[in-house]
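Residue numbers (the numbering used here), protein chains in the order written: chain G, 1 to 319; chain D, 320 to 754; chain A, 755 to 913.
Worth flagging that the hints you see were computed from the coordinates, not collected in a lab. Every residue gets a Cβ at the ideal spot worked out from N, C-alpha and C, and that includes glycine. Don't take each hint at face value.
To give a feel for the contact side, a few chain A residues facing chain D, derived at Cβ under 10 Å [said to hold, decoys possible]:
id, residue
1, L777
2, M780
3, L782
4, T789
5, I798
6, P799
7, T801
8, M802
9, S805
10, D834
11, L859
12, Q862
13, I868
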Amino acid sequence: ENLKFSTWHPAVGREVQTVWIPMMDAIKEESGGKLSYTMYAGGALGKGPAHYDIIKNGLSDLGYFTATWTPGKFPLSEALSMAMWIDGKEKAAAIGNELYEAELKEEFADVHLLELNGCIQAFLWTREPVQSLEDVKGLKIRTPGGLQTQYIKNLGAEPVFMPLGDVYTSLDTGAIDGVVTCPPLVLAFKLHEVVKYGVVATFGCVTEGLAMNKKKWNKLDEESKQTITKITTNPFAHTGGLDNSSYQEMIEELKAKGVTLHNLDQATQDKWFAAYQQVTRDWVASQKDPEKAERVVRKLAEIVAKHGSEAVAVPAEWK
Amino acid sequence: MEPVTVGVIGILAVFLLLALGMPIAFALMLAGFSGIALLSGVDAALPVSARTVYDEAATYPYMVIPLFIVMGSFAGASGMTKDIYGCLDKWLRILPGGLAVASIAACAAFAAVSGSAVATAATLGNIALPEMKKYNYRDNLATGAVAAGGTLGFLIPPSLGFVVYGMLTEQSIGKLLIAGMIPGIILAISFCATVIIWVRIKPETAPIQATTVSWKQRFVSLRGVLEPLGLFLLVMVGIYGGFFTPTEAGAVGATLLFFSVIIKKKLTWKKLIAALQEALRTSVMVLFLVAGASIFTYFLALSTIPMRAASWVTALDVSPSIILLAIIGVYLFLGCFLDAISMMVLTMPVVYPVMTALHYDPVWFGVVAVLMMQAGLITPPLGLNIFTIAGVAEDVKVEIIFRGVLPFLGAVFFVVTLLIFFPEIATYLPSKMSG
Amino acid sequence: MVHFQSMVRRITRWTSFGAMFLLLPMMLLSATDVTLRRFFTTTIPGTMELSSYMLALFILLGLSYTHQCKAHVKVSFLLDLLPLKVRTVVDIVLSFLCLMMLLVLSWQGFIIAIEETTVSDMLRIPENPFRMALVVGCLSFSLEVIVDIISQIQALRGN
Ligand code: NA
Ligand code: NA
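Turn these sequences into a full structure, and let the hints guide you.
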C-alpha cells in the first residue's frame, strides 16, 4: 500500500528532513515494506491552510495541518496554542494528545487523527533590547496571528500582520520593531541577522496535528493500523526530530550567531503573563460553550503541570 | 493505471483541448479535475477545484495584479504619455530613425508605470505611429518599433510577467521585479540600437527631419518625464529598500496616480470605468488561469511527473546549459502559439523543478523566462502585441508588422545570450536586497 | 431567447459593476495602511484580511464579465482550419464541458461555503459569505455559457 504524505513544510526544511521522512521510513521498515509512501512537501498538493481538507477529502492519505491558520474551524483546540513553556515538540505532542483524548475529539471527527500538538514556544525578538513592559509599549510587532495577536495587544504593543517572507526586510528597515515567532523559524528565515535580542517569555505557538483520511484508514488491516499508530502518536519522540535536544541546539546556534537572550525578572514576568491571562478569560467567555471552554483550559493546565511544565496563560483561579 | 501514464494522458488532454479552442483555464481545470479523480478518487477531486479557485482569488499578495494594471490606466488617462513622448522626441530626434528611437524610449518610460505589455504598445502606438507617418517613416519600422517597444511593459517593473512567475514558483515578487530592472534597460537600449543600425543600412526607411530643436525646448520638455520617473523611483526604491511590499508599492503608486489625474482634472467617469474594467478583465483572466494551473499542478504532483522529470534530467549525461538551451528553444516554439502568461502557467509546473534541480538561480531563470515570454508577444502567428498594433494602425497589414519586429526579436536573443554569459546582470541587484 | 440573453447580460453587468469598484477601496486601504505604518506608529487593523476578502469578491464576481468580453485566453488558430460546421459542433461540445466544470465549481463551492466555519484572524469576519461569491460568480458564468450554447446551436441549424 502506497501512502501519500502531504505537508506545507519545504522539502529541504528541518521538519521534512528530521521528522517526516524518518517517520515515513520507520513506517515502511516496521511494516516490512508493506506500507510505502510518496512525500509531497512544500505544499505540492495544496496551500498550508487547505491541508486539513486535503486529508479529509483524500487528495492526500495523511499529512500535517496547522489548525491555527483557519481560525474558527477548530475553536477549542486553540487552547493548545496558549502560552506555556514548551521546549521540544515531543512534549507538545504528549500534552496535545492527552487533551485531545479528554476534550477535543469532536473537532476532528471527519478525519482519523493520529496526533495533535502545540508547538515549540515562541518568543519576542526585537531590534532593541526589551527588559520591561515599558520597553514593549508602542512597538510594532509582527504577529503570527491567533491568540498571540491579543497577547501583543495586551502587552501594550501594536500587532502588525504580514507574510513571514516580508518580515526580514521590514525588520531591517525598521518598518516593524520585532517579531513573535519560534526559534526554528528565526533560523529558517535568517531573522537573527536583523533582530539581536530575544525575550525569554513564552508566547505559546500554533496548534498542529497529523491526520489520516478516514476511508484510507478504515481500509488498512489491523497490523498496518497498529504500526502507523505506534509511530505517529508521537512522531517527534519516535524520530527525535525537533525534540528538546534539537531545541537546545537551536538556542545555542542563535546565541552563537550573536542573539542575546534575556530572562525577565520575576516581578516583570508575573505582570507580563498577567496580560496573557486576561486574554484567556476573554477567550473562554467568547466561546460558544464557555463552560466547556473553561473545562478545556483547566484540563490543559492540569496536563501541562503533569508534564513538569507550566501553562502561563491560565489564570490562577483555573489552576 | 500508473500515475505517470495518467499524467501523460492528462498533459495530452490539455493540449488537445487547447488546440480545439477551449479557454486555457478550463482546459487545465478539466484535465486536473479528471486526473485527480483517477489518482485520488472522485471525493478528493470534487472539492479541490472550488476550494482552489476561491483560495487563489482571496490571496492578498495577488492584489498587485489589478493595482499594476490600474496604474498604467491612470497614467494613460493623465495624458502623461504625450509628455513623455514629446520630451524623448526632442532629445532623440537627431539620431538616425530618431522618432522610432524616441518611441522605444517612451515605451520604456511608460513601462515603468504600467504592468502590461499590451497597454504599453496600445498607448504609445496611438501617439507615436501618426507622428512617424507624418515624417514618412516606413510602416515596417514604425509598427515594429512600437510593437517591440511595448513588450518592455512586460519586463520593466512593474511587470505582470514577474508577478505571475513569482506566484507559480513561490519566489519573492519583490526580488524578481528588482532583477528585471537592468535587463529591461539593456533591452530598451538594444531595441534603440536595432533601429539605428537598421536605418544606417537602409536610410530610406526613416527620412531625416529638417526641423531643429533648441536646448531650451529640450530642457523644458524634461518636466514631462519627471512624474513617471519619480513614481518609478519611489516604487522601486521602496521595494528595493524593503519600505513596502510589491503589493503595497502597487497601492501607493496607483493611489498617487489616481490623485494626480483627479487634480489635473483628467479623470472623467468614462475613463474611470474603462480603467476599472481593464483591471477587472486582466486580473480575472490571470487569476482564473493561475487557479486552473494550480489544480493541474496538484494533479501533476500526484502523477509524480515533475519529480521524475527533474531526476531524469539531472541524471542525463549532458551539461545543464544544453538543457537550458533546449528549454529556451521550447519557449520560442510555444511562444508562437501561446500568449505570455498562459505559456508561463502551462510550462512552469514541469520546467521549474527541472531548473532548480540543475541549480539554476530561480530569480535569474525568472528573468530569462520572462524575456522568452516577451519574445512570444511578437512572434507569428500569434503575437499579442502585433495584433494590438494592427488594431491601432488599421491601414498596416499584419505581415508587415511581423516583418518589422524581426530585427527586434534578434535584440531579445542578444539580451538572453548576455544573461547566460553574465548572470550578474539579473542577480546583482536582488542579491543586495535584504532578506 | 432574446429576452433570456438580455437578462443574462444584465446580471453579468450588475455583478461586474459591483466588483470593479472594489478596486478603489482596496487601493486606498493598503496605501493608507502602509503610510500610517511607515510614518506614524499605527496601522489599520485587518488591512490584509479585508483586502483579501475584497479581492475575492473582485475576482469571483468578475468571472462572467471577463467571459462576456472574451478575455479568458484561448488558442483559436488551429480551429480556424476546420470547416465552419465542424467548428460549431466542436464549440458546442467544449461549451458543454465548460458548463459542466462551472456547475461542479458552483455545487462544490456551495457545499464548502455552507460548511465553512473559518473566520478572519483579527476582525473575526466569517469567510462563508465570500466563499458564496464563487457560487454567484460561477452561476452567472454558467448562464453566459448557456447563452453561448443556444446561439451556437442556432448557428448550426441556420447552416
Ligand atoms: Na512594466
Ligand atoms: Na507569439
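Hint by hint, here is what the structure shows:
1. L777: holds, 5 Å
2. M780: Because about 6 Å separates M780 of chain A from the closest Cβ in chain D, which is inside the 10 Å limit, the hint holds.
3. L782: holds, 6 Å
4. T789: This hint holds: T789 of chain A lies near chain D, its Cβ roughly 8 Å from the closest one there, short of 10 Å.
5. I798: violated, 12 Å
6. P799: Violated: closest Cβ of chain D sits about 15 Å from P799 of chain A, beyond 10 Å.
7. T801: holds, 9 Å
8. M802: holds, 5 Å
9. S805: holds, 5 Å
10. D834: Since chain D brings a Cβ to about 9 Å from D834 of chain A, closer than 10 Å, the hint holds.
11. L859: holds, 5 Å
12. Q862: With a closest approach of 4 Å, the Q862 of chain A hint holds.
13. I868: violated, 12 Å
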